[in-house]
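> This is what each chain is made of:
Protein chains: 2
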Amino acid sequence: MIPLTGLSDRIVIGWDIGGAQTKCAAVGPDGAPVGKGSRSFEVWKGPEELDEVLKSLGQEFCASERAVMAVTMTAELCDCFRTKMEGVLFVLDSFRRSFPSSEVWCISGRGKWKSLEEAALSPGDFAATNWRAAAAWLARSFGSGLWVDTGSTTTDIIPLIDGVPAALGSTDTERLIHGELVYTGVVRSNPDTLTDRVPVKGSMCRVADERFSSMGDCYLILGDMDASSYTAPTCDGRPADLHHAVSRLARLSCSDTDSINVHEARIMAVYLREKQIGVISEAMLQVCSRFREPLSVIPSGAGKFLVSEAARRIGLPETGLSGVIPDGYETHLPAYAAAAGFLSTFK
Amino acid sequence: MIPLTGLSDRIVIGWDIGGAQTKCAAVGPDGAPVGKGSRSFEVWKGPEELDEVLKSLGQEFCASERAVMAVTMTAELCDCFRTKMEGVLFVLDSFRRSFPSSEVWCISGRGKWKSLEEAALSPGDFAATNWRAAAAWLARSFGSGLWVDTGSTTTDIIPLIDGVPAALGSTDTERLIHGELVYTGVVRSNPDTLTDRVPVKGSMCRVADERFSSMGDCYLILGDMDASSYTAPTCDGRPADLHHAVSRLARLSCSDTDSINVHEARIMAVYLREKQIGVISEAMLQVCSRFREPLSVIPSGAGKFLVSEAARRIGLPETGLSGVIPDGYETHLPAYAAAAGFLSTFK
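Chains as they are written, first to last, in this note's numbering: chain A, 1 to 347; chain B, 1 to 347.
For reference, chain A alone in the conformation it holds in the complex (with noise of 0.2 Å):
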């Protein structure tokens, strides 16, 4: 790969490879963001799409071959993929078919960024890494701290001390395994994940072990998201609203909206999230367990209102992303640090 030259007159676009969301962020060569996009894409319903994904997303700022693609995945999981290596390697490749002009580079499980070609010799470095971008920039932008970011479907949870990501895990098993990352999220999430059962007319009730509803039906159902923060398809193909997310969730008791109504999906929402907020609490305590002092808590993602609950609960003090990420480039974190980050890697 021919060294990287000539970033003063080029704009950078960071991905996120998701396996059920495609975004990216740009920023031009004074690091200052120029856009964002996003795609609800479930990578394993048919991932020769994604070329038309990444085209389609990359047309939004004019790609030209002289924009540079700075790349994160965690799409590599989706079992459409017999193995993650496999998945990287998929995900490379339609980089290269989508934008076969440009410069196309990738972070490593190790932070290192890398050329397309030099990651297609060790596709397992290049597995889950949408993380690492953004533990780096924010690292040097906090020094200290937890950034806990909660998304549609999973939460990272991960140390920063003195100006560096802490973290132990490099793999997501590894990350799983040290409290770093815990799958769960506040659109995807199952239910069933959380609990055995929910209270019912004044019973705790088991629960079905069905795909009927998701954790973005209780926010909506308790007002802590809006339909605009549904970026997942429902399990029932029905709207993302207050009537349809009651039925859905009713079905979680095997019930309906004839036997339960709003007040009562309400009371099981309610303790859905409360099993929410316990499971990235315990995450968020087995992390601060390896530190002798605590550290302040940076929310971020869309499920940050739990975040900050969760931090409140556990008595640590919270940091605003205020100053650090462009208003309206949260919701992109991943993207945007892996841009921003690239850009100040090499300038």
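Quick caveat, the hints were computed from the structure, so don't treat them as lab data.
Be aware that a few hints might be false.
[As the list claims (entries may be wrong)] These stretches of chain A come out as covered by chain B in the derived footprint (C-beta under 8 Å, 3 or more residues):
1) 168 to 182
2) 194 to 206
3) 313 to 323
Ideal Cβ placement from N, Cα and C applies to all residues, glycine included.
Since the structure of chain A is already known, use the hints to place chain B on it.
Then chain B, alone, in the frame of chain A:
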């Protein structure tokens, strides 16, 4: 039994005979409180000492034969008694021996006052009554609400609707089933009953199934309670102070103060507090799920700080006891309400 007469010049002493604590509170003929008392007394260690405990507490009020005893109890569940009926009869006999010439009245599981002699004919109806008189008293005072009393050992969650208690359970077993009784409290509860692992040095560590520590140790460590509220013997017999609380809690993870410091113990304690609030919230939601409208929570007991926090989390407003229970008598609510409720029933 001769019908009760002449309450116009007699004091009524209300009793709350628990398994680990005996409490009493007295009111004068005009209903004004005239005193209260308590003893830490573990009935199962020597039930025959109950007579002495009753007599010594009674003497604090110069309990003459003109004093009326209004009795509630839960001590009958102690495993020194073969059955609950045997336990109730033991308590009744102890009252008769201790106050041979006093009138002794007991409240039944259905809220009816009966003389000791009548109660002895159907002892099963007089088990687990320590919440009954208080529920009736609070229902008369507040109309509707959710009375939640977290004591040293257990939590009562009693819905009050239109001036009367609306509990579904009358026996403890029924109350456990309906979420109206949760066997968890702020002093005596074993952390093992709240979780099977705790955060330690970056891992979730399994716990020792021993009686090394109590939740009272957690609340000492967190500063939620002071030594004067630690109304039970500590597990190791050493003092109820921060240093010894850390030492006891450290053993939960088979550790000691050589390897677990105060900050690390604090993280374990925060985690256990979260679990305990979760257990209380769950039962509150179970009970609330029977009603179409949200109820205002009335917290009481040594653990009312947990109840207030649980109410906040599940979005219920809170109402205080101020003006309903005389200052200083909140900690003796069942005994006070037995006395005051008895007086207002028969006066």
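> To test your reading of the hints: which numbers does this structure violate?
none
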